[in-house]
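Trainee: Start from the sequences, fold in the hints, and give me the full structure.
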Amino acid sequence: MSTWRIARLIAAKDLRIELRSRVVTNQVLPFAALVMVMFAFALDNDNVLTRVAPGLVWLATMFSMLVLVQRSFAVESADGALDALQVAGVRPGGIFLGKSMALAAQLAVLEVVLLLAAIVLYQAEVAWSGAVLLVTTFLAATTGLAFVGTLYGGLAAGAKGRETLLPLLMLPVVAPVLIGATRATEAAFGTNGASSSEGWPWIGLLVLFAALFGTGGTLAFGSLIDE
Amino acid sequence: MPDLSPVSIARPTGTRFSRVLGIASLVGIAWLVVFGLFLSPNDATQKAGVRILYIHVPSAWLAYLAFIVTGVSSAAYLFKRTRSLTWDRIAGASAEVGVLFMGVTLVSGSLWGRISWGIFWTWDSRLTTTAFLFVTYIGYLAVRGLGGTHQQRARRSAIIALLATLEVPLVHFSVKWWRPLHQQESVAEGKLDGLMLFTLFVGIIAFTLLYVWLVLHRQRVLAMEDALDDQGLDVALAERRAEGAQV
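Residue numbers (my numbering), protein chains in the order written: chain S, 1 to 227; chain Y, 1 to 247.
Among these hints, one or two may not hold up.
Said to hold, decoys possible - Residues from chain Y that face chain S, not an exhaustive set, calculated with beta carbons under 7 Å:
hint, residue
1, 122
2, 127
3, 159
4, 169
5, 170
Stated by the list, open to error - Pair ranges (Cβ atoms, derived):
hint, chain 1, residue 1, chain 2, residue 2, range
6, S, 120, Y, 84, 56 to 62 Å
7, Y, 193, S, 193, 27 to 33 Å
8, S, 16, Y, 84, 54 to 60 Å
Hint data in this document are derived by calculation from the structure and do not stem from the laboratory. Virtual Cβ for every residue (Gly too), placed ideally from N, Cα, C.
Mentor: This is how it looks when you write it as structure tokens:
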């Protein structure tokens with residue numbers, strides 16, 4: 001079976017589990033919305049909120065992503081499913097790509113909700129001229145985040161006591177995405193008078209990041225989940 | 001056949017070479033104290049605050065050296081022809097020493113910054129990258145403690161170390177683009193007179209010797225811990241076999 005077909009099967013399986021269990025819609029999305037409300041409590045000023053809205057969207061994405069990643073691997077380690085896949089001779093690169101695709105799909109839903117929350121709660125304004133940049137930013141950043149989340153989630157999955165390790169490992173790694181995606185989103189929003197042309201160099205960084213961790217993850221995932 | 005001799009007292013981690021090295025680094029640090037605190041002059045603008053640099057610059061150099069050594073040893077472990085647990089232990093020992101000295105770098109740097117810039121911290125790319133490196137390698141040390149066989153630990157942590165190495169330039173450049181107008185953070189080399197530069201040089205030599213000494217010993221202690229692990233398993237197996245024989 002080709003790696004690509006394995007990846008699609010794994011992704012379909014993960015998404016089917018999520019559709020049936022509804023953990024994402026019933027728990028993770030409300031959590032993300034809660035984070036956005038809590039930010040408003042902490043910052044307590046409409047002008048500030050509008051100005052920092054792009055950064056808060058991405059920060060809330062990353063916090064919620066921690067929950068998503070843990071969920072993604074809790075499903076695997078519960079019945080030793082990940083070990084079973086490996087014993088069955090399923091290529092780890094395919095597992096990695098498949099789980100990344102499923103995670104990316106869930107992250108995309110999450111980001112759309114957070115973006116809407118920013119528009120409604122923080123009065124962020126999206127101009128049509130920035131729409132292309134905005135969509136590209138979300139695609140590039142989501143891909144990179146999904147790769148990193150799967151890579152470090154796989155490492156932290158399994159043995160007990162590793163859950164606490166995930167934020168420590170993952171958050172420093174995704175820092176360039178937080179910086180790059182926030183600047184690009186600011187450019188798309190026109191926050192602080194930024195023009196959308198300022199956003200495109202950051203897309204380069206996001207794409208480089210996604211390519212790096214996509215390649216690294218496909219090669220290294222087998223060694224990281226090996227028990 | 002693994003070496004089953006007791007690892008605690010019979011095989012100390014010191015050798016003649018490491019003892020000479022230890023004495024040399026002690027002498028070097030004594031020199032640094034004499035030059036750094038007494039012989040070198042005050043700076044024209046920073047006054048005695050400049051003396052923090054004699055600790056700060058060598059420890060920053062050492063921390064970066066330590067992480068380069070960790071990266072190279074990790075690559076050496078992953079490369080099949082040089083695969084050996086010794087590389088893994090060197091990588092681990094070097095990362096531990098690196099984290100320690102990166103902590104010293106961050107603390108001494110922010111104290112110096114308070115004196116010469118009036119602020120403890122600035123979001124400059126060099127500072128921010130250093131702080132990220134610090135956190136990333138704390139994570140690396142946590143990954144080393146995850147358990148499993150020695151080979152699993154070695155492969156896992158080597159991969160994490162290499163990913164961290166790839167990550168450093170990304171963080172550096174993203175922060176650099178984020179804050180293009182960063183403060184002048186250079187030590188202003190031109191302003192340091194001969195004796196100051198010499199003191200800095202003494203500091204770098206002394207700290208480098210200390211680093212080699214620490215990593216040598218730590219690496220040997222790690223080897224002993226691994227041997228103890230293996231031996232513990234063998235002892236337990238022998239005990240179970242003995243129990244079986246009695247019945």
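Trainee: Do the numbers back the hint for residue 122/Y, that is, is its least Cβ distance to chain S under 7 Å?
Mentor: violated, 16 Å
Trainee: Interface hint check: residue 159/Y, Cβ to nearest Cβ on chain S, cutoff 7 Å. Holds or violated?
Mentor: holds, 5 Å
Trainee: Go ahead and decide if the range 56 to 62 Å is satisfied by the Cβ distance of residue 120/S to residue 84/Y.
Mentor: Since the Cβ atoms of residue 120/S and residue 84/Y sit about 58 Å apart, the hinted range of 56 to 62 Å holds.
Trainee: Should the hint that residue 170/Y touches chain S count as held when the rule is a Cβ pair under 7 Å?
Mentor: holds, 5 Å
Trainee: Honestly, do residue 16/S and residue 84/Y meet the 54 to 60 Å range at C-beta?
Mentor: 45 Å Cβ-Cβ, so the 54 to 60 Å window is violated.
Trainee: Is the distance from the Cβ of residue 193/Y to the Cβ of residue 193/S consistent with 27 to 33 Å?
Mentor: violated, 47 Å
Trainee: Could you check if residue 127/Y really has its C-beta closer than 7 Å to a C-beta on chain S?
Mentor: violated, 14 Å
Trainee: Is the shortest C-beta separation between residue 169/Y and chain S less than 7 Å?
Mentor: This interface hint is violated because 10 Å lies over the 7 Å limit.
Of the numbered hints listed earlier, those contradicted by the structure are 1, 2, 4, 7, 8.
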